[in-house]
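Protein chains in written order, with this note's numbering: chain A, 1 to 666; chain B, 1001 to 1345.
No lab work stands behind these hints: they were computed from the structure.
Mixed in with the good hints, there may be bad ones.
Claimed, not checked - Residues from chain B that face chain A, not an exhaustive set, calculated with beta carbons under 7 Å: (1) D1043; (2) R1044; (3) R1045; (4) A1048; (5) G1112; (6) S1135; (7) L1256; (8) A1257; (9) A1309; (10) T1313; (11) E1317; (12) T1320; (13) A1324.
Unchecked claim - Quick look at which bits of chain A chain B covers, simulated, 3 or more residues with Cβ under 8 Å: (14) 548 to 561; (15) 580 to 589.
Please read these numbers as outputs of a predicted model, since none were measured by experiment.
All residues carry an ideal CB built from backbone N, CA and C; glycine is no exception.
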Amino acid sequence: MGRPNDQGRCPDRDRPWVFRTYSGHSSARASNELYRANLAKGQTGLSVAFDLPTQTGYDADHPLARGEVGKVGVPISTLEDMEMLFAGIPFAQTNTSMTINATAAWLLALYVAAAENHGGDPRALEGTTQNDLIKEFLSRGTYVFPPEPSMRLISDMVAYTVDAMPRWNPINICSYHLQEAGATPVQEIAFSFANAIAVLDAVRARPDLPPDALPRVFGRISFFLNAGIRFVEEVCKARAMAELWDELGHQRYGVTDEKLRRFRYGVQVNSLGLTEAQPENNVIRIVLEALGVTLSKKARCRALQLPAWNEALGLPRPFDQQWSLRIQQILAYETDLLEHADLFDGSHVIEAKVAQLAKEAKAELGRVLDMGGAVAAVENAYMKRRLVESHTKRLRAIESGEQIVVGVNAFTESEPSPLVTGEGSILKVDASAEHEQVERLEAFRRKRNAAEVTAALRNLRDALTNGQNVMPPSIRAAHAGVTTGEWADALRGIFGEYRAPTGVVAREREMASEATEKTRQRVQALGVRLGRPLKILIGKPGLDGHSNGAEQIAVRARDAGMEVVYDGIRLTPGEIVQSARDEGVHAIGLSILSGSHGVLVHDVLRELATARLAVPVVVGGIIPDEDAAELRRAGVKRVYTPKDFDLTRLMDEIVDVVEESQAGHP
Amino acid sequence: MWSRSRRLGTLEAERGERGLRLAKRLLARERGAVAEALNLVDDRRPEARAAALALLIELEQALGFGGPPRVGLSGPPGVGKSTLLDALVRRARARGETVGILAVDPSSRRSGGALLGDRLRVRASARDPGVFLRSLAARERLGGLAESARAGLFVLAAAFDLVLIETVGVGQSESEVADLVDTLVWVAQPGAGDLLQYMKAGVLELPDVVAVNKADLGAIAERTANELAAGLSLAERAEDWSPPVVRISARDGSGLADLEDALARHRAWLAQHDRLSERRRRGRDAAIRDFLAREHGRVGVEAVGGLAALDETLRREPDTSGFALAVRLGEVIEAALRSRSGVGR
Chain A
1 MGRPNDQGRC PDRDRPWVFR TYSGHSSARA SNELYRANLA KGQTGLSVAF DLPTQTGYDA
61 DHPLARGEVG KVGVPISTLE DMEMLFAGIP FAQTNTSMTI NATAAWLLAL YVAAAENHGG
121 DPRALEGTTQ NDLIKEFLSR GTYVFPPEPS MRLISDMVAY TVDAMPRWNP INICSYHLQE
181 AGATPVQEIA FSFANAIAVL DAVRARPDLP PDALPRVFGR ISFFLNAGIR FVEEVCKARA
241 MAELWDELGH QRYGVTDEKL RRFRYGVQVN SLGLTEAQPE NNVIRIVLEA LGVTLSKKAR
301 CRALQLPAWN EALGLPRPFD QQWSLRIQQI LAYETDLLEH ADLFDGSHVI EAKVAQLAKE
361 AKAELGRVLD MGGAVAAVEN AYMKRRLVES HTKRLRAIES GEQIVVGVNA FTESEPSPLV
421 TGEGSILKVD ASAEHEQVER LEAFRRKRNA AEVTAALRNL RDALTNGQNV MPPSIRAAHA
481 GVTTGEWADA LRGIFGEYRA PTGVVARERE MASEATEKTR QRVQALGVRL GRPLKILIGK
541 PGLDGHSNGA EQIAVRARDA GMEVVYDGIR LTPGEIVQSA RDEGVHAIGL SILSGSHGVL
601 VHDVLRELAT ARLAVPVVVG GIIPDEDAAE LRRAGVKRVY TPKDFDLTRL MDEIVDVVEE
661 SQAGHP
Chain B
1001 MWSRSRRLGT LEAERGERGL RLAKRLLARE RGAVAEALNL VDDRRPEARA AALALLIELE
1061 QALGFGGPPR VGLSGPPGVG KSTLLDALVR RARARGETVG ILAVDPSSRR SGGALLGDRL
1121 RVRASARDPG VFLRSLAARE RLGGLAESAR AGLFVLAAAF DLVLIETVGV GQSESEVADL
1181 VDTLVWVAQP GAGDLLQYMK AGVLELPDVV AVNKADLGAI AERTANELAA GLSLAERAED
1241 WSPPVVRISA RDGSGLADLE DALARHRAWL AQHDRLSERR RRGRDAAIRD FLAREHGRVG
1301 VEAVGGLAAL DETLRREPDT SGFALAVRLG EVIEAALRSR SGVGR
């Protein structure tokens, strides 16, 4: 059943926002089935989750893709994959949001090529490519190229779509991930606006931009926001952003058409605050967070995605996603929310809070612009440092009980939950997905015309070196049968690869608690017994770029008196073991959030054995109980999941683990 | 008593054997021995100290005042030292040279812990056995970076063609680094106000080469380079070497050949008139003074006639291994203190 005819009931009723669910896994075929099922349940737009190899520009058979294919999203290596993903879904009538960044130009090219093959006109395509690299450097970690060429690719896509695909949002400026990384509302606003200014300034400077196009470009820039549990503040944040965006369009870019200055944004509500303990409470959190971005008509989201209540436990099942979709439908169709004018106009409380947020955000934005703007503030790690600091503060407030999280640090007595027990309570990605994707890719490579592929890649490289727009040659390459890995390799060859600063030079905590002090003494005493200070390595193997957790562990270990080697994301198991040996560490902590812990942890253990290195390993991640037991059997000393929020205890256990390992090797 | 000290002596000998075996493996450039040797020289347990000393004395004697160039990179946080380091490593590898790197980060004064790393850029260029990187915490609370860094440099010098040490320049540590290396490069970044700070910190008297990074920023980089050149010409230096100011961009690679050229010129200058030996000797003497003062205090140094007498001893033994000399002088001090207090009679 599709959308009910809600306009009939009340003629003044607003149209609801677009309902989406961030989804995709295993293969194009499995994801296509999921999308069609979701649309049948009343979802009104799609939100494509790509797997990490696709996001970072590797084909399914690349060594770095091992264990990651189909895990956190759908693998798309070829035009054939893209066509299969949308089989039976009409391009022209579908609003598609793609969470894709470093390889956004390529996935958009595949989408356009697939639409063209099915009689679709690119001018009619509606949707969004996330395409925000600044926040990838700051938080999400699926960047590939250095900041400058990354900004160039974004600017190419903006300049291309403004006329060729006028209904497409070429970039979603993301404050979402900033909040996940610990940003305060003021930082969210300031840093995302700095980011938008960097993009707009780059586009404005293009010689090939028609003189009258800038206002239209401004009108196509949309945002992707987070909504946390402090939902009144979230209402104010969205209102402040709408005001500031209008002002920015007017003053900095001379946009006179008021409609083009409207603040348009989509939302995924907060995942950071979803708990593993008493996970049923997350449903209530999700509802409240949805209110934060829908209550105020003036600053209401255009599209909304709600996470599943159990995503801190593992991959949600279709049933869990359906439950979240129903929240949206009840809010939009059952309640009277869409029948009223703005509920907050004239509220002194809201006005004062909005004014305060706007004022502080402008001051912080000014600081970033003074140091050269968003790109400079990525390269000198200013923004990253501020985020790590805020996140550290937040975690400490939860640990100390100053910030209450129900079921986690308060009201922890609970009846056993009937919802989370037993087999099948979370979704497991089919283990054969990777193998099948590789086979499909090999078959595809065999049947394509090799000469056409070579020519298309040469054409792409020439266009890039000559400063031409990346989009037309990419669309041609998509039709010619180029793969995701080949496209990205061509760009890597020209632009190089980038490593972002990790930002873990955060200031130290102001006050040491008694528990920390005790841990610190244990660390020092162990250092004396070891002959040198306790040294550990925090590693993130695989392609998962979500480094916030690993950073917090690194900072806390430093504060506990350990010497901590942390080199950031995307390391191969071989590199981690090499690093552990060269650095002479006493323990290794691995952080893996993509669900590929099975393969990657075993690879690290195997490499350690080959190198004859007897260094104990602990692992943190979104790891279901049975996997944790399996990892322990394989030799992992401790396994941590999101419910282990007490970092001091965690530090203490690292000391235990090293002491145990030393007892074994006098 | 006799048998106990004899048994101790045997133990010492065994430990010495371990040090000598490691030294042999290092000098044969066995990469697997490098991490082990660095762990050993960092180990403060008495049983490890004996082996470490044997290792270091052996290495110092084998290398003499020769061995590979030891180059220091210092500068304030955020100037792009890691990117520069990466670029220099890549170029050295392209010439077929192996590279050993010590990267020093400050320790937390409060907790004693340290965040090391963020060096993936260097590691990424180094997925080959020809590059070795060890991060080191400065451990200010435990008496500074000099001792472990000095020992680390000898280990790396035994096994690689080029030895680099990177430190965050925050004032004091530069003079320590200057004593450890043959050539100290100060990395500066364009921007007003920096020059005054450098001069205040006395930093401009130390570097042998100044590299102004981010030269791609244009005019502002040019101005900084000019100001630094002017400041350097005013700074007093004991030697007749005037530090060149090189404009580089670690990001796009421009100016790196000029920087390497400046390094080579400094090296050639050092090679004349025995200057390199002179410099290494100065580093050795500083390390010995430092070691004795820390281990035995001022009372200890006074017991053997004070600093002046110590310097005289050092002058009389220009070619003795620094590590051996430090141990021997330590024993002399201990004997003097013992005879003074009557212990041991």
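Now the hints, each set against the structure:
Given hint, D1043/B at the interface with chain A, holds; its Cβ is 4 Å from that chain's nearest Cβ, closer than 7 Å. A least Cβ separation of about 5 Å between R1044/B and chain A falls short of the 7 Å threshold, and the interface hint therefore holds. This hint holds: R1045/B has a C-beta 4 Å from the nearest C-beta of chain A, less than the 7 Å allowed. At about 5 Å, the closest approach between the beta carbon of A1048/B and any beta carbon in chain A falls short of 7 Å, and the interface hint on this residue holds.
Taking 7 Å as the C-beta cut-off, the interface hint given for G1112/B holds, the closest approach to chain A being about 5 Å. Interface hint at S1135/B: satisfied, since its Cβ lies 6 Å from the closest Cβ of chain A, which is below the 7 Å cut-off. Of the supplied interface hints, the one on L1256/B is violated, with its beta-carbon coming no nearer than about 15 Å to a beta-carbon of chain A, more than 7 Å. Residue-level restraint check for A1257/B is violated (minimum Cβ-Cβ distance to chain A is 19 Å; threshold 7 Å).
The interface hint given for A1309/B is violated, since its Cβ lies 33 Å from the closest Cβ of chain A, which is over the 7 Å cut-off. Interface restraint check for T1313/B: the shortest CB-CB distance to chain A comes to about 30 Å, outside 7 Å, so the restraint is violated. Interface hint status for E1317/B: violated, as the beta-carbon distance to the closest one in chain A is roughly 30 Å, over 7 Å. With a cut of 7 Å, the hint placing T1320/B at the interface with chain A is violated, because the nearest CB-to-CB distance is about 27 Å.
About 22 Å separates the beta-carbon of A1324/B from the nearest beta-carbon of chain A, more than 7 Å, and the hint is not met. As drawn, the segment 548 to 561 of chain A meets chain B at 7 residues by the rule of a beta-carbon pair under 8 Å; at three or more, the given contact holds. Residue count for the segment 580 to 589 of chain A with a Cβ under 8 Å from a Cβ of chain B: 4. That meets the three needed, and the coverage hint holds.
Of the numbered hints stated above, those contradicted by the structure are hints 7, 8, 9, 10, 11, 12 and 13, listed in ascending order.
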